[in-house]
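Asker: These protein sequences, in sequence, are chains A and B. Mapping the first sequence onto the working numbering, position 102 (from 1) lands on 102, and the numbers just tick up by one. Mapping the second sequence onto the working numbering, position 116 (from 1) lands on 116, and the numbers just tick up by one.
Hints were generated in silico from the structure; no laboratory data involved. Be aware that a few hints might be false.
Unchecked claim - Capping the alpha-carbon separation at 27 Å, the derived lysine-lysine pairs in BS3-like fashion look like this:
(1) A:167 to B:201
(2) B:85 to A:167
(3) B:121 to B:170
(4) B:226 to A:167
(5) A:243 to A:167
(6) A:167 to B:60
(7) A:160 to B:66
If you want the building blocks of each chain, they are given just below.
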Amino acid sequence: MKNRKQLERWSPMLLLVAIVILWQIITSAFNVSEFIFPSPLRIWEQTLEHKATIAGHAWRTFWVTMAGFGIAIVVGVLLGFLIGSSRLAYAAVYPLMTAFNALPKAAFVPILVVWFGIGIGPAILTAFLISFFPITVNIATGLATLEPELEDVLRVLGAKRWDVLIKVGLPRSMPYFFGSLKVAITLAFVGTTVSEMTAANEGIGYLLISAGSAMQMGLAFSGLLVVGAMAMAMYELFSFIEKHTTGWAHRGSQSA
Amino acid sequence: MATESTSPPFVQFDDVWLAYNDELLAQNNFAVEAINLNVSQGEFIAIVGPSGCGKSTFMKLTTGLKMPSMGRIRVDGQPVTGPLKVSGMAFQAPSLLPWRTTLDNVLLPLEIVEPYRSQFKDRRKEFEERALKLLETVGLGGYAKKFPWELSGGMQQRASICRALIHEPKMLLLDEPFGALDAFTREELWCTLRDLWQAQKFNVILVTHDLRESVFLADTVYVMSKGPGRFVVQREIDLPRPRDLEITYTPEFTSIVHELRGHIGAMRKPGATINQ
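Just chain A, with the same shape it has in the complex:
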């Protein structure tokens, strides 16, 4: 039983190692050109070679993403609170928001460039635009699905709508909120990278484009690797926070 648990814990690592080994074997065996598809070894070499450059671009992408994500949390929570607590606001805002969410956010980049110029402006805003929606929807759902009995229990005591929201609605929507953060942070990295590809002179997105046009495939791949690693690290961080703040909502998986 214990071995099984250990296996489960390490399974993502094992799978990753297996894929890397397979990748290396295939590229070596078929002698694939590194301009087409570089081997893991080659990617690693290039990563080390350019580590200062990559680190610079990665840092830029990271803080830009966090800035956009920060705005997304503030706006997402406020908007979610509004449409989750008022039926009218829900009816009015929800359809429009769904339509907005269906628009490809990459399409906003040229417009944002006109407004804010090349640089951090478009990147932060793209990260924000792409990641606030899941936060809003989850907060609103958490608030809107309150049990009527619970509301009656409090209203009989003379509780105002505000009391019900603060004492019950908000804590109740916290698991939804943290769940949405995990989704939103990965989306925010997508937003930043996409924006940097066309509208920045710095950041991983820019690195990908310039490495690609210089045929430095190893470098391009290491750029992808870095974005993936950052997104995964942040996902794990929020997952950790979620477990330690709203454990009551995950008791099933904990006791199992």
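Keeping the supplied structure of chain A fixed, place chain B upon it in accordance with the hints.
Answerer: Same frame as chain A, but now just chain B:
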């Protein structure tokens, strides 16, 4: 239907009708009709009837969550104009907050209802002691720091009743509170409720479809008919108090239950008219 007491009734319904909205009102489609009721101070009443007969509507009227379309309701001498703060409520589902411990769940009303609300921070220690004492009396002494999901269904319901009583309400409203429990746990909780009521003498309005439960606990049982929702029978339960579970096996008890069952049975026959 007046009860023979000299003090003014605690709950008084005077020809109360309720339609849920204006459309239904225009069609003369009422959820409850012509309710007349006088409950004296400290009386324990039970309302029984088939499901969907408007028992829960009656509760909402009593607490002021719903206003009657016609008629007047007075509680504790005051006309009911909005949610009453003198009552506590418990439902079939315990609906405890899973992120709060049992103790914090029980304390919740004190964070909302005045005058406790403004004193909550300063008198928290004192309130906690009161909650612990209350939990003790219902047999949850060691469970104050546990979370609701760590308790059994019966324990959760006990905690829910404590939550309804922590602000020392004058009236306790119970909407099928023991409906989801097994027979043994239910009988245990009957006794818990009986003891709490005997000690504190608040008013209780118990909505239930368990006739034995109503006869065991209540001073007066009202039978409600379905569509229209009206009171068709009022039955004083003159069994001696304090009542022990043993009483449920006596012939007197059984005959009262039987009699009430007869009224409900008669109502369930289509086209039956009730002479009362």
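Asker: Take the hints in turn and mark each one as holding or not.
Answerer: Hints versus structure:
At roughly 30 Å between alpha-carbon atoms, residue 167 of chain A and residue 201 of chain B are farther apart than 27 Å, so this suggested pair is violated. Restraint check: the Cα-Cα separation between residue 85 of chain B and residue 167 of chain A comes to about 18 Å, which is no more than 27 Å; the hinted pair holds. About 24 Å separates the Cα atoms of residue 121 of chain B and residue 170 of chain B, which keeps this hinted pair within 27 Å; it holds. The hinted pair formed by residue 226 of chain B and residue 167 of chain A fails the criterion: a straight-line CA distance of about 37 Å is larger than 27 Å.
Restraint check for residue 243 of chain A and residue 167 of chain A: the C-alpha separation of about 21 Å stays at or below 27 Å, so the hint holds. Distance check on the hinted pair: residue 167 of chain A and residue 60 of chain B sit about 22 Å apart at the alpha-carbon level, within 27 Å; holds. Of the pairs offered as hints, the one joining residue 160 of chain A and residue 66 of chain B holds, with about 16 Å between alpha carbons and a cut-off of 27 Å not exceeded.
Comparing the model with each earlier hint shows violations of hints 1, 4; every other hint is respected.
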